[in-house]
Structure formats: C-alpha cells, structure tokens
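Residue 197 is where the sequence shown starts when you use this note's numbering, and the numbers rise one by one after that.
Everything labelled a hint here was simulated from the structure, so no lab data went into it.
Where a beta carbon is used, it is the ideal one built from N, C-alpha and C, also for glycine.
Fair warning: there could be bad hints in the mix.
For each label pair, taking beta carbons as the anchor points, the in silico distance ranges come out as [what the hints assert, rightly or not]:
id	residue 1	residue 2	range
1	VAL357	GLU237	54 to 62 Å
2	ASN436	GLY256	16 to 24 Å
3	ASP322	VAL202	51 to 59 Å
4	ASP718	LYS782	32 to 40 Å
Calculated lysine to aspartate or glutamate pairs in the EDC-like style (CA-CA distance at most 16 Å, straight line) [claimed, not checked]:
id	residue 1	residue 2
5	LYS207	GLU278
6	LYS746	ASP783
7	LYS282	GLU201
8	LYS648	ASP673
9	LYS282	ASP360
10	LYS300	ASP323
11	LYS609	GLU599
12	LYS300	ASP322
13	LYS640	GLU426
14	LYS640	ASP440
15	LYS207	GLU237
16	LYS473	ASP440
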Amino acid sequence: MMDDEVLISVKGMSKSFQIADVTKKKSFFQRNPTQSYLVFEDIDLEVRKGEVLAILGRNGCGKSTFMKIISGIIEPDTGTVEVKGKVASILELSMGFHGDLTGKENIILRSELYGIPRETVKEHIDDIAKYSDLGVFIDNPVRTYSSGMRSRLAFAIMVNVDADVFLVDEALSTGDMAFASKASEYLKNLVRSGKTVVFTSHSMSTIKNTCNRAIWIDNHHIVMDGPADEVCDAYSRSINESVDETRNLAEGGSSSAQYRLATFYRDGKDVEKDHDKYIFWLEAASERDHPLAMVELADNIFMKDRERAAELYRRSAEAGNNDARRKYAMMMEESQEEIIRMREIMKELAESGYPHDLYNYGDILYRTALGTEDREEAFRLVSEASEKGWLEADVLLSRMYQEGSGVERDIDKAIDLLRRASSKGNTKAMIKLADGLYEGKYFKKDREEAYKWYLMSARTGNPRAQYMVSLMLSDGDGVEKDEGQAKQWLARYSSTMINDMRLNAMEVVHRRFGPDDPRPNDMLKEASKDYHSRSMVTLSKRYKDGKGFKKNLKGYVSLMEKAAIASGHPRTQLAMMYLKGDGVEKDEAKAFELLKDASDSGDSAAMLQLGFMYRDGIFVENDVNMYRFYVRMSADRGNRDASELVRKWDSRKKH
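Build the full structure now, drawing on both the sequences and the hints.
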C-alpha cells in the first residue's frame with residue numbers, strides 16, 4: 197500500500213520496444229525483421245506530494261516514454277506503476293488534438309478527457325482561448341497550427357485543470373518568449389501551491405529555478421537522484437566532458453561546443469593533442485562570435501598577424517569579455533611602451549631570486565600577456581616562486597592551471613594548490629577554494645568541504661565567509677542545520693564591517709580618558725569575538741600585562757593562536773612566544789614552522805627571525821647564506837632592522 201505522501205510509485209519497471217533490425221535481410225515470405233530495444237530496466241522511483249521532479253537525460257534515453265508510462269498512455273513490460281489522484285499532462289504536442297477541429301472545439305474535447313464537464317468548459321472557454329494568445333487562429337483547424345501554437349493551446353487547457361499531479365514534457369521549449377514566461381510563471385505558482393509536478397527540459401537554468409529534485413536517466417537506469425542543482429551540475433559535466441557528445445554538438449554548429457572541443461585538442465583531454473584541430477575549432481567558434489574562442493585564437497596568431505588578432509580582441513571585447521578589453525587596450529602604442537618599461541623593471545628585480553620578485557614579474561607577464569610565449573614565461577616564474585613557498589604564487593598558479601594559461605589545463609592541480617595555500621592560512625585561497633567547491637563551476641561540487649574552508653576563512657574575520665557560514669548553517673547545506681549558530685555568524689558578519697572603526701574609537705577613548713576607562717576593553721572583547729585580528733592581538737597583550745584585566749596567560753595564548761590563523765604578523769608573534777617559551781612550552785620546531793608560514797605570506801619580521809635562526813643554528817643547521825638570503829629579503833620588504841643590517845654589510849664591502 198502506498199504512503200499517503202507518495203503520489204507516484206514505480207517499482208521494478210522495465211520497458212522495451214520492437215524496432216527494425218537493419219542487420220538482417222527481409223525475405224519474400226516474412227515481415228520486416230525486428231529486434232528488441234531496451235529502454236528501461238528494473239526502475240524504482242517514488243515521487244512525494246509537493247515535489248517538483250525534473251527528468252534529465254540525452255535524447256533517446258526515454259524521458260518521454262517515462263512520462264507516458266506514468267500517465268498511463270503506455271504500459272510497462274514488467275513492474276508496477278501507481279499514481280494517486282488526478283493527472284494533467286502536456287506530453288506530445290499533438291496528443292489529444294483532432295486536426296480537423298478548431299482550437300475552441302479541441303479545448304472542449306481535451307477538457308472532457310480530463311473529466312471536466314462540457315458545460316463547465318463552455319463557461320470558461322473564452323478565458324482559455326485568451327490565455328493561449330492564439331487570437332483569431334483559435335477558430336481555425338488545429339492542423340494549420342505550428343508546434344508552438346499547439347503548445348500554447350495545450351498549456352492553456354492544462355492551466356484550467358485542477359489536478360494532483362502535473363506532467364509537463366518540454367512544454368516551455370516551443371512558442372515565443374512572452375508565452376514561455378507566462379508558462380514558467382504558472383509552473384512556479386504550481387510549485388508554491390504544493391502541487392506535484394514531473395517535468396522534462398533541456399534547460400538547466402529552468403530546472404534549477406523550478407525543481408527541487410531531479411533524476412538522470414542513462415543506459416536504461418536512473419544513474420542519479422537528488423537535489424536538482426546537484427543533478428544538473430553532474431549531468432552538465434558529463435555532457436561537457438564527453439568528446440563524442442561535444443563533437444556532435446560542435447558539428448551541429450554550437451559555438452560553445454566548438455570552443456570546448458578545441459580545448460580538448462589543446463589539452464589532450466580524451467583525444468590526442470592536435471594543434472591543427474585545436475586551431476580549426478577555435479576558428480569555427482570565432483566565426484560564431486564565441487568570446488573566449490576569439491581571445492584564444494588572437495593569442496595564438498598574435499605574432500603572425502597582429503592586425504587580425506586586434507580585430508578578434510575588439511570583437512570579443514564588444515561581446516563583454518574583460519580579458520579581451522584589456523588586451524585590445526594594451527595593443528595601443530602608448531600602452532605598449534609603458535608595459536615594456538614596467539616589464540623591464542620587474543625583470544631586473546626578479547634577478548634577485550626572491551620569491552616575491554619572481555611572483556611579481558610573473559604576475560605582470562600573466563596580466564599583460566599577448567601571446568603564448570608570455571604566458572609560458574609567466575607560468576615558469578610563478579612556478580619558481582611557488583616552489584620557494586610564496587603562497588600568493590600558489591593562488592595565481594592555481595588560476596593558470598584552471599585556465600590552461602601557459603600550461604595544460606589541470607583542475608586537480610589547481611585544487612591541490614589552493615588547498616596547500618589555504619592550509620597555510622592564505623585567506624584569498626580559502627575563499628577561492630570554498631567558492632569553487634560550493635558552486636561546482638570548475639571543481640566538483642562538495643558543499644561539506646566548501647563549508648570547512650568558509651568556516652576557516654570566517655575565523656580569520658573575512659566578512660563574506662562569515663555570511664556564507666551563516667547561510668549554510670541556516671539551510672543545513674553541507675553542514676548540520678543550526679539556526680542558533682547561523683544567527684551568531686550573521687551577527688559577526690554585520691559587526692565585522694564596523695570593527696576597524698570600533699578599534700579606532702577604542703584608541704581615541706583610551707588616549708583621552710586614560711587606562712581606567714572600561715569602554716576600550718569592552719570594545720576589544722566584542723571585536724575579538726568577531727575574530728578581528730588586530731583586536732585579538734591587542735587584547736591578548738592586555739591579558740598578558742594585566743592592563744585593565746586580571747593577568748590571564750591562558751587567554752593571552754588562546755587569543756594569539758586564533759589571531760595567528762588570520763594573518764602573517766600574529767603568526768610571527770606566536771612563533772616568538774614558542775621560541776622564547778613565553779606563556780607556552782618552548783618549542784623551536786613549532787616556532788620555525790610558524791615563521792616559515794608567516795614568511796611565505798610576506799611578513800618581513802618573520803623573514804628576519806628566520807634569518808637569525810639560520811645564523812644561530814636554532815632548530816636548523818647554521819647556514820650563513822640562508823641567513824643573508826632571509827635578511828636581504830626582509831629588508832627588501834621594508835623591515836627597518838633588516839635594512840640596517842644590509843646597509844652595514846654593503847658599507848663594509850665598499851671599504
């Protein structure tokens with residue numbers, strides 16, 4: 197017996213058809229030879245009251261057959277199909293229409309099939325006709341209608357049916373945009389009213405906006421069943437990653453498929469690399485004004501044909517591509533001269549071998565690249581900076597792997613680089629990684645891991661991450677639902693935007709009214725609760741010194757550890773605590789690790805302290821070259837003490 201909440205129950209359903217067997221020859225005395233074509237095999241499905249279910253799958257997978265089985269138009273070979281309540285459907289556009297009858301006559305005929313009395317239909321027939329937007333054609337025979345007009349008529353009739361289950365098979369794919377909008381709004385009203393809808397469409401945006409659940413049919417089975425956005429993303433990825441499907445679409449004239457196929461040949465994705473085919477499909481997509489294809493083609497031909505490259509950049513820029521706009525602008529003579537000067541300066545600085553100089557030169561080459569050679573050189577420089585531990589280089593290198601800029605596209609490598617930088621506290625990497633995992637645009641969607649990185653970033657005081665943590669906790673998305681925690685993070689998000697002002701106000705009050713005024717300490721505690729880094733560091737020192745508070749070494753250490761997650765300088769201060777045994781057990785290994793992470797994040801004080809550890813042989817072997825390397829790098833980053841040391845070294849050399 198069906199659960200009261202289950203309106204559609206399919207159990208063990210299989211279906212096959214007899215189709216012509218072209219491999220066998222027809223004999224004089226026999227009918228055309230046939231073979232069995234399997235559509236579904238042992239399908240199980242339950243659709244509950246109020247669900248809006250989308251059915252996805254490639255053409256020929258059996259979506260329409262599935263709908264006809266549910267509606268009772270055709271019977272399954274095996275298994276059971278139970279539907280509770282009245283069913284209204286728009287399946288094949290011509291179904292239920294008599295070609296020789298007028299639109300109005302067909303309204304009466306089809307409404308009677310739904311069980312609506314003729315007298316009731318006649319009372320509302322003018323309203324139905326008006327909703328269909330067919331105008332004077334409503335009195336013409338239906339055989340004279342286009343497919344879009346039939347779709348309008350069928351939908352207008354269904355709007356007036358009060359059913360429990362609605363079956364809609366590509367009803368929004370025909371007709372003009374105005375009617376499609378009207379039909380879409382009607383479906384949304386069905387959803388809001390709690391009706392059960394089963395819907396097929398090739399439009400992923402329509403499904404995501406309309407449906408709360410989706411199934412994906414492939415190879416006779418339901419291969420995925422879950423939230424609509426997740427199933428849509430998985431299905432879209434399968435289409436995008438299929439060479440055969442992409443080639444079929446490309447040969448059919450789809451510019452996006454042509455560009456995607458070009459990248460397959462560029463990267464050797466499931467095909468052998470083939471530069472000629474890569475360029476061929478870029479050309480095909482560019483002819484259809486695909487913005488990314490035009491930019492990439494221009495990059496490839498830039499050295500051979502600057503005039504055509506400029507034209508491609510211009511067309512792509514007019515289509516809204518920001519990269520094309522930048523490159524087209526850079527081709528202006530004045531811009532080229534300035535870019536050359538900047539490159540020469542950054543190249544000279546990169547000769548130091550410091551990771552930040554290598555990164556900066558690679559970054560400017562990446563941003564101003566007008567050809568393959570520039571992109572490959574940029575990749576080499578940023579890779580070297582990454583190998584030397586520069587975390588900003590990891591973030592840019594991830595983007596280059598994601599785009600295939602100067603290197604073969606490698607999404608797994610892009611994710612690994614973001615994970616490495618995130619685990620070392622780089623907040624930009626945390627947000628990029630969390631966004632990628634949350635949206636599933638370039639990476640495989642993983643809301644649980646996305647929540648983990650949003651939470652880590654939120655604890656550094658990042659307001660956007662705090663908002664996302666609040667949202668995910670409120671929705672139970674990637675984490676167990678917790679309205680209380682959601683409200684706390686939302687409060688932190690709203691407070692984060694005023695924390696810098698709060699800290700400035702605290703300093704003014706402290707100067708004007710003296711150390712005994714309790715308001716600065718109250719503001720410090722509130723800002724520290726919101727993970728405001730500067731406030732946590734200031735409050736921790738007050739806990740240590742007992743200024744305005746009772747001395748609290750445990751609170752001092754705890755706050756410094758929290759602040760160290762957020763940025764490089766607090767990490768350096770925490771490292772010095774472990775190096776000296778200040779409030780914590782002395783731990784030179786921990787101190788070295790924290791200083792290295794802070795140095796990789798660009799903190800000049802950490803670089804100087806690392807140099808001293810190499811000079812004095814603390815935790816590491818004595819190494820004068822590494823000592824001088826880190827001190828010079830610290831001086832280069834503006835550290836006064838390091839600059840003074842370097843000045844003395846250079847002065848001795850002169851004498």
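task = Go through the numbered hints given earlier and state which of them the structure violates, listing their numbers in rising order.
result = 1, 3, 6, 14
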